[in-house]
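Peer 1: Letter by letter, the chains look like this.
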Amino acid sequence: MATAEIDQDGHAHDHSDHHDHPAFLAHHFDSPEQQYDSGKLGMWLFLVTEILFFSGLFCAYAIYRSLRPEVYAFCSQFLNTELGAINTGVLLFSSLTMAWAVRAAQLEQHKVTVGMIAATISCAAIFLGVKAVEYSHKWDMGLLPAGMYSYDPVAEHHEGLSHYLIAISIVPSIVLIALIGLFIYGKAAGKQFLASCAAPLTVAAACYFVGVGLGVFLESRAAAAGHDSHAEGSALAAIGHADGLPPSKILEGPLDHATEDPPTIGIGTGDEAVGIMAADATNTGIRSELDALRAQEEMASGAFVDEYDGVDPFYDRPIENVNSNSLAGVFFSIYYCMTGLHAIHIIAGIGVLAWLLVRAVRQDFCSQYFGPVDYVGLYWHIVDLIWIYLFPLLYLIG
Amino acid sequence: MASHGDHADGEFAHPMPIWMLLFVFVALTFLTILTVFQASFSLGNWEIWLSMIIASIKATLVMAFFMHLAFDKPFNVIMFLSSFLFVTLFVGFLLMDTNAYDDKIIVKPVAETLQ
Amino acid sequence: MLGAKDVAFPRLNLCSFYLWCIGAIFFIFALCTTGLDTGWTFYTPYSTTTSTSVIAATTGVFILGFSSIFTGLNFIVTVNTMRPPGMTWFKMPLFLWAIYSTAVIQVLATPVLGITLLLLICERLMHIGIFDPAYNGDPVAFQHFFWFYSHPAVYIMILPAFGIISELMSVHSHKSIFGYRFIALSSIAIALLSFLVWGHHMFTSGMSEITTIIFSALTFTVSVPSAIKVFNWLATMYKGSISLTTPMCYALSFMFLFTIGGLTGLFLGTLTTDLHLHDTYFVVSHFHYVMMGGTLVAFLGGVFHWWPKMTGKMFNETWGRVSALVVFIGFNLTFLPQFVLGSRGMPRRYATYDPEFTGLHRMSTVGAFVLGLGLVIALFVLLYSLYRGKKAPRNPWGGATLEWRCASPPPYYNFERPPVVGNPYYFENIEYDAKSDDYVFTEPERKIVPPEPAPQPEHVEAEKHN
Numbered sequence: 001m002a003t004a005e006i007d008q009d010g011h012a013h014d015h016s017d018h019h020d021h022p023a024f025l026a027h028h029f030d031s032p033e034q035q036y037d038s039g040k041l042g043m044w045l046f047l048v049t050e051i052l053f054f055s056g057l058f059c060a061y062a063i064y065r066s067l068r069p070e071v072y073a074f075c076s077q078f079l080n081t082e083l084g085a086i087n088t089g090v091l092l093f094s095s096l097t098m099a100w101a102v103r104a105a106q107l108e109q110h111k112v113t114v115g116m117i118a119a120t121i122s123c124a125a126i127f128l129g130v131k132a133v134e135y136s137h138k139w140d141m142g143l144l145p146a147g148m149y150s151y152d153p154v155a156e157h158h159e160g161l162s163h164y165l166i167a168i169s170i171v172p173s174i175v176l177i178a179l180i181g182l183f184i185y186g187k188a189a190g191k192q193f194l195a196s197c198a199a200p201l202t203v204a205a206a207c208y209f210v211g212v213g214l215g216v217f218l219e220s221r222a223a224a225a226g227h228d229s230h231a232e233g234s235a236l237a238a239i240g241h242a243d244g245l246p247p248s249k250i251l252e253g254p255l256d257h258a259t260e261d262p263p264t265i266g267i268g269t270g271d272e273a274v275g276i277m278a279a280d281a282t283n284t285g286i287r288s289e290l291d292a293l294r295a296q297e298e299m300a301s302g303a304f305v306d307e308y309d310g311v312d313p314f315y316d317r318p319i320e321n322v323n324s325n326s327l328a329g330v331f332f333s334i335y336y337c338m339t340g341l342h343a344i345h346i347i348a349g350i351g352v353l354a355w356l357l358v359r360a361v362r363q364d365f366c367s368q369y370f371g372p373v374d375y376v377g378l379y380w381h382i383v384d385l386i387w388i389y390l391f392p393l394l395y396l397i398g
Numbered sequence: 001m002a003s004h005g006d007h008a009d010g011e012f013a014h015p016m017p018i019w020m021l022l023f024v025f026v027a028l029t030f031l032t033i034l035t036v037f038q039a040s041f042s043l044g045n046w047e048i049w050l051s052m053i054i055a056s057i058k059a060t061l062v063m064a065f066f067m068h069l070a071f072d073k074p075f076n077v078i079m080f081l082s083s084f085l086f087v088t089l090f091v092g093f094l095l096m097d098t099n100a101y102d103d104k105i106i107v108k109p110v111a112e113t114l115q
Numbered sequence: 001m002l003g004a005k006d007v008a009f010p011r012l013n014l015c016s017f018y019l020w021c022i023g024a025i026f027f028i029f030a031l032c033t034t035g036l037d038t039g040w041t042f043y044t045p046y047s048t049t050t051s052t053s054v055i056a057a058t059t060g061v062f063i064l065g066f067s068s069i070f071t072g073l074n075f076i077v078t079v080n081t082m083r084p085p086g087m088t089w090f091k092m093p094l095f096l097w098a099i100y101s102t103a104v105i106q107v108l109a110t111p112v113l114g115i116t117l118l119l120l121i122c123e124r125l126m127h128i129g130i131f132d133p134a135y136n137g138d139p140v141a142f143q144h145f146f147w148f149y150s151h152p153a154v155y156i157m158i159l160p161a162f163g164i165i166s167e168l169m170s171v172h173s174h175k176s177i178f179g180y181r182f183i184a185l186s187s188i189a190i191a192l193l194s195f196l197v198w199g200h201h202m203f204t205s206g207m208s209e210i211t212t213i214i215f216s217a218l219t220f221t222v223s224v225p226s227a228i229k230v231f232n233w234l235a236t237m238y239k240g241s242i243s244l245t246t247p248m249c250y251a252l253s254f255m256f257l258f259t260i261g262g263l264t265g266l267f268l269g270t271l272t273t274d275l276h277l278h279d280t281y282f283v284v285s286h287f288h289y290v291m292m293g294g295t296l297v298a299f300l301g302g303v304f305h306w307w308p309k310m311t312g313k314m315f316n317e318t319w320g321r322v323s324a325l326v327v328f329i330g331f332n333l334t335f336l337p338q339f340v341l342g343s344r345g346m347p348r349r350y351a352t353y354d355p356e357f358t359g360l361h362r363m364s365t366v367g368a369f370v371l372g373l374g375l376v377i378a379l380f381v382l383l384y385s386l387y388r389g390k391k392a393p394r395n396p397w398g399g400a401t402l403e404w405r406c407a408s409p410p411p412y413y414n415f416e417r418p419p420v421v422g423n424p425y426y427f428e429n430i431e432y433d434a435k436s437d438d439y440v441f442t443e444p445e446r447k448i449v450p451p452e453p454a455p456q457p458e459h460v461e462a463e464k465h466n
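Residue numbers (this note's numbering), protein chains in the order written: chain A, 1 to 398; chain B, 1 to 115; chain C, 1 to 466.
Take the hints with a grain of salt, since some may be wrong.
Stated by the list, open to error - Below, simulated DSSO-like cross-link-like pairs (lysine-lysine); rule was C-alpha separation at most 30 Å, straight line:
{"id": "1", "chain 1": "C", "residue 1": "LYS5", "chain 2": "B", "residue 2": "LYS73"}
{"id": "2", "chain 1": "C", "residue 1": "LYS239", "chain 2": "C", "residue 2": "LYS309"}
{"id": "3", "chain 1": "C", "residue 1": "LYS391", "chain 2": "C", "residue 2": "LYS175"}
{"id": "4", "chain 1": "C", "residue 1": "LYS435", "chain 2": "C", "residue 2": "LYS390"}
{"id": "5", "chain 1": "A", "residue 1": "LYS138", "chain 2": "A", "residue 2": "LYS40"}
{"id": "6", "chain 1": "C", "residue 1": "LYS91", "chain 2": "A", "residue 2": "LYS40"}
{"id": "7", "chain 1": "A", "residue 1": "LYS40", "chain 2": "B", "residue 2": "LYS73"}
{"id": "8", "chain 1": "C", "residue 1": "LYS239", "chain 2": "C", "residue 2": "LYS5"}
{"id": "9", "chain 1": "B", "residue 1": "LYS73", "chain 2": "C", "residue 2": "LYS91"}
{"id": "10", "chain 1": "C", "residue 1": "LYS435", "chain 2": "A", "residue 2": "LYS40"}
No lab work stands behind these hints, which were simulated from the structure alone.
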């Protein structure tokens, strides 16, 4: 009901209003509680989208698992349960520290808040370190997504420190060195705030290498102890080899065959005009139609079938060789998509937590304004929640 | 909303007691060990259900206590849980459909039809 | 309308606008480099093998998806926590109910599209074999993933239109909306049901019989809330005092077109007829009757309705009505023949056609030009008003919702104190005042709550001075 005259006053009034608005309260909210509730609802909605985002991957997992349980049985041997369990424990612990950080922020225990956030980041770094070892180990063995899958059970596995692991660790190393530099600079230049931000972050970055060390140790122990289990795997794969077709054969199928040589003019159509039209290379429609006709004819003559010893690779479903890129490869596709997306969320979480740490060092939070800690906490718990499901689904069930 | 005005300056933070946080963490760790232990047995079809039930208990613990859902506004709870409903809907329909048409994909081998 | 100062997260709001721009840049990049020949559906396996820039386009859509999610999230939170005192859920304008249900769909469905497109990008880059049949992937699963978002997405488009029509019907009939709760709840019902019907896009793509039957049955349930809305709008007009303003002309045209669009949807939801009509002009026509005849016409009506409020200028009523009429005629001329074409077997997405279809095709083409003319007239009327339009009064149509109580255009922060909220569809105290060519509220709604007397409209004060 603001009239034009009152508008001017109203405008001015709004600005003068700010003096009873605390600095942390955004201008369009009436009370800290309203701000907190809005933020919290927004965060919950975001978490809903996260769950639905991951649901696509869980769906892909469920479909392939229900259709091809044998692939999962074969592939789960490559996943190191010990490392998975340790990562689960680390994430659970980080959830605890995160919840504790929220509590500390609510009670205005600033030191505890900083410490707990730092502990959370450190756990995240350990998690990533262990994950880096797991990934690099699999890449060494050629356990890659379907398109690049090249696992050969007979071939010698790479020993020693993986090149992939070194490559992955470049970025954390740079971060660690930069943080140490920042810390020293902060101390030297007397910038207390900078130093007290950099110190916990340095510890966290160093934790990545703790994770790597832990991973390498456990992985090598598993490799030493579990040679027989590996041998069993090779045997399984070898049997598959004998029974089915080599994986490359599956991919070259009739598709390849039909496009091998250019269509001969007029074959099987009896229509001269069509033949002449097909001679024109730009007339792709006619040419592909001729291709199809030729393939059909070939199929009818039986030549097509004979070539593959009575097994039609395109339609005959039971291909027993699990160790192929279209079976085990797809499992690893799903594995990498799920854990990769989860790792991306962890990395994003570390970024947000680092921001939170800086604000906690600045003592921004109080009992009226602890929203950001709580929201990041919720995000962090959802990341943990997803891992709680990923761990048994990928590592345990086989 | 009316409820905001009532205690605008009041406390709305509900800190969790430390013993509760620690207890939840211990329970979660125990359940993790349990699920790893359970996986060492071959239970066949039951295995997936058992480990999923354990995972769901863990998830419930995290949601209820770490995420304060047990003390949150009912709207947030309903909203968050309804997201699981939609996931179930999505995954359920797809599983049903893919399993139903899966055997249709197998066309009779050409070799048999010719002989 | 809501009476809030701002949305709950203004920065997020700006962020989603920028994301929208970035997404659009990706898309334009895709179009300008190699083009995109997969259609908007990106069906595998074609989209994993074609040489056009699928990755750029899908990245663009992925970013646009974030923009959409953030906006939806923002609206939900705003409606939940920022309502002014006195505005209960069932005192909200129906447009907000519609926006709310739209936001629910955006938040629930868009992430699934996000992961689908992400997997498609991975499929192209690394051949992950989830959707690609060359690696044992399942293209039908891709269609499921895709339509889980994309069917609700069409409701994202139509639900705001429903909300606009609810406002227009009531305001321009000067009669309280009939069945407020039913309209409000049917919006939510449509939003939720929209998640149960995605399979009807895939009747012919190799789903199992049992699934097609279930989806066909579920599809019909959506028609129930839609029909509730249409009947309620009709009942609102009944015995109302209808002013045939430009927005109302568009609203009436919406009623006609949307009803045809909705009813033809039943043919497509039926399994047997869909097998015949799938991918024909019948589908094209049905879609356009709902999306263009529904959404676009309703949006035009909404633009004309809120134009005075947004810009503070009145447009030329006569030419506005002419534009509504020309759009209506042109639209029907374009798409009615396509129903006939489709049912006779004219497939969609073809550049050529058999000679017996010539007549109807020509009709359709002429109609398209008439439709275009109508839209140009509408655009011209609006642009002209910006330069030559009369200054708009506070409440040119006699609306009772909150936005008509502040000046046109609204000032910064809209209201200098939280407004007093009454029934958004109570028209008894609104009367036409010929002197200022405006509708005025004849009495302040509440006398106890504000400590000082509610400020009187300008002209009343002017009279007092006299």
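Peer 1: Confirm or reject each hint.
Peer 2: Hint-by-hint comparison with the structure:
Note on C/LYS5 and B/LYS73: the hinted pairing holds, with a Cα-Cα distance of about 24 Å set against a maximum of 30 Å. With a CA separation close to 28 Å, the supplied pair C/LYS239 and C/LYS309 stays within the 30 Å bound. Restraint check for C/LYS391 and C/LYS175: the C-alpha separation of about 26 Å stays at or below 30 Å, so the hint holds. A distance of roughly 15 Å separates the Cα atoms of C/LYS435 and C/LYS390; the hinted pair therefore holds under the 30 Å criterion.
This hinted pair does not check out: A/LYS138 and A/LYS40 have alpha carbons roughly 40 Å apart, beyond 30 Å. For a cut-off of 30 Å, the pair hint linking C/LYS91 to A/LYS40 stands: about 24 Å separates their Cα positions. Restraint check for A/LYS40 and B/LYS73: satisfied, since their Cα atoms lie roughly 10 Å apart, inside the 30 Å limit. Between the alpha carbons of C/LYS239 and C/LYS5 the distance comes to roughly 37 Å, so the proposed pair goes past 30 Å and is violated.
Restraint check for B/LYS73 and C/LYS91: satisfied, since their Cα atoms lie roughly 22 Å apart, inside the 30 Å limit. Of the supplied pair hints, the one linking C/LYS435 and A/LYS40 is violated, its CA atoms being roughly 50 Å apart against a limit of 30 Å.
Hints 5, 8, 10 from the earlier list are contradicted by this structure; the remaining hints agree with it.
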